[in-house]
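Asker: Generate coordinates for the entire structure from the input sequences, incorporating the hints supplied.
Residues 17 to 264 (our numbering) are what the sequence shown spells out, left to right.
Keep in mind the hints are simulated off the structure, nothing from the lab.
Just so we're clear, the structure is a prediction, and the values are computed from it rather than from any experiment.
Glycine included, each C-beta is placed from N, C-alpha and C at the ideal position.
Keep in mind that a hint or two might mislead.
The following label-pair restraints were derived from C-beta to C-beta distances [stated by the list, open to error]:
(1) 136 with 236: 16 to 24 Å
(2) 109 with 254: 24 to 32 Å
(3) 124 with 223: 36 to 44 Å
(4) 249 with 72: 15 to 23 Å
(5) 230 with 75: 14 to 22 Å
(6) 39 with 109: 36 to 44 Å
(7) 167 with 228: 20 to 28 Å
(8) 37 with 109: 35 to 43 Å
(9) 135 with 158: 15 to 23 Å
(10) 37 with 224: 25 to 33 Å
(11) 72 with 39: 24 to 32 Å
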Amino acid sequence: MIELARREGAFGTIRILEQTSDKARIYMIGDTAQTMVNRDGVSLSGYVHAIELLVRGAETLLMIGGGGGGLATMLARAGTSVTVVDVDPEAEDLARRYFWLDPNVRWVTADAIRFVETERKQFDAVVVDACDGFGIVKPFDDPETLAWLLDRTCPAGPLVVNLARNDDLPTHGKRRARQLAGRGLSTTLYSAREGDEGNEVLHVRRTGRTRTLVVADLDQRPPNAQIFLTSLQAFTPRLAKPGFIRQV
Numbered sequence: 017m018i019e020l021a022r023r024e025g026a027f028g029t030i031r032i033l034e035q036t037s038d039k040a041r042i043y044m045i046g047d048t049a050q051t052m053v054n055r056d057g058v059s060l061s062g063y064v065h066a067i068e069l070l071v072r073g074a075e076t077l078l079m080i081g082g083g084g085g086g087l088a089t090m091l092a093r094a095g096t097s098v099t100v101v102d103v104d105p106e107a108e109d110l111a112r113r114y115f116w117l118d119p120n121v122r123w124v125t126a127d128a129i130r131f132v133e134t135e136r137k138q139f140d141a142v143v144v145d146a147c148d149g150f151g152i153v154k155p156f157d158d159p160e161t162l163a164w165l166l167d168r169t170c171p172a173g174p175l176v177v178n179l180a181r182n183d184d185l186p187t188h189g190k191r192r193a194r195q196l197a198g199r200g201l202s203t204t205l206y207s208a209r210e211g212d213e214g215n216e217v218l219h220v221r222r223t224g225r226t227r228t229l230v231v232a233d234l235d236q237r238p239p240n241a242q243i244f245l246t247s248l249q250a251f252t253p254r255l256a257k258p259g260f261i262r263q264v
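Answerer: Right, dumping it as structure tokens:
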């Protein structure tokens with residue numbers, strides 16, 4: 017493993033590492049990997065591919081939390097107009113310098129709540145991928161904040177949240193899904209039964225039911241992502257309309 021860069025960021029020491037075997041690059045904050053992409057800028061994390069499938073087809077998308085920008089690049093290359101908001105002043109330069117961030121991605125360095133309060137534009141979808149070594153960061157660990165964010169940014173579209181999990185700490189994904197369903201939102205939680213990723217993906221809508229997760233293009237995805245996607249299970253609280261997993 018080669019260290020390409022080291023900086024002090026908003027959440028601690030950032031290290032950019034490159035694997036000598038395949039040249040994949042990793043965005044580390046402390047001891048936690050935030051982003052891992054191959055030489056084509058495609059994420060090697062299964063949860064990222066699950067999110068990509070859930071928001072596929074959105075013309076405009078807001079992403080809160082950028083890291084190395086793997087998901088933003090994948091979506092931008094597919095034709096989505098992506099706006100990333102990240103509070104860390106180091107994040108954009110690192111994403112563009114070391115992670116092949118697509119040049120069409122709009123990157124805003126700002127507090128996400130303040131950005132949403134002042135941004136007049138609405139989006140077709142919003143993704144929250146703002147995590148540290150302990151899981152999703154405040155204030156996005158709160159169901160009220162997530163419901164407000166959905167209403168403010170994409171009332172007709174989906175909100176998709178990465179619930180990262182430290183090996184020693186639970187994500188409380190089912191509890192969060194029930195809390196959001198209790199507020200009248202359609203909610204489905206996707207969890208993988210196999211693989212070494214502890215991330216769960218929360219899919220939320222204000223109107224209509226949560227979208228069927230269509231697992232597609234498996235042969236074009238990294239091995240870890242294939243394992244994650246093919247072992248997903250869906251949990252839908254009783255108060256929400258059910259989501260499903262389908263493979264094509």
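Asker: A separate judgement is required for each hint: does it hold in the structure or not?
Answerer: So, going through the hints one by one against the coordinates:
no., hint, in the structure
1, 136 with 236: 16 to 24 Å, "37 Å, violated"
2, 109 with 254: 24 to 32 Å, "46 Å, violated"
3, 124 with 223: 36 to 44 Å, "27 Å, violated"
4, 249 with 72: 15 to 23 Å, "20 Å, holds"
5, 230 with 75: 14 to 22 Å, "18 Å, holds"
6, 39 with 109: 36 to 44 Å, "20 Å, violated"
7, 167 with 228: 20 to 28 Å, "23 Å, holds"
8, 37 with 109: 35 to 43 Å, "26 Å, violated"
9, 135 with 158: 15 to 23 Å, "20 Å, holds"
10, 37 with 224: 25 to 33 Å, "44 Å, violated"
11, 72 with 39: 24 to 32 Å, "27 Å, holds"
Going through the hint list in order, the structure does not satisfy hints 1, 2, 3, 6, 8 and 10.
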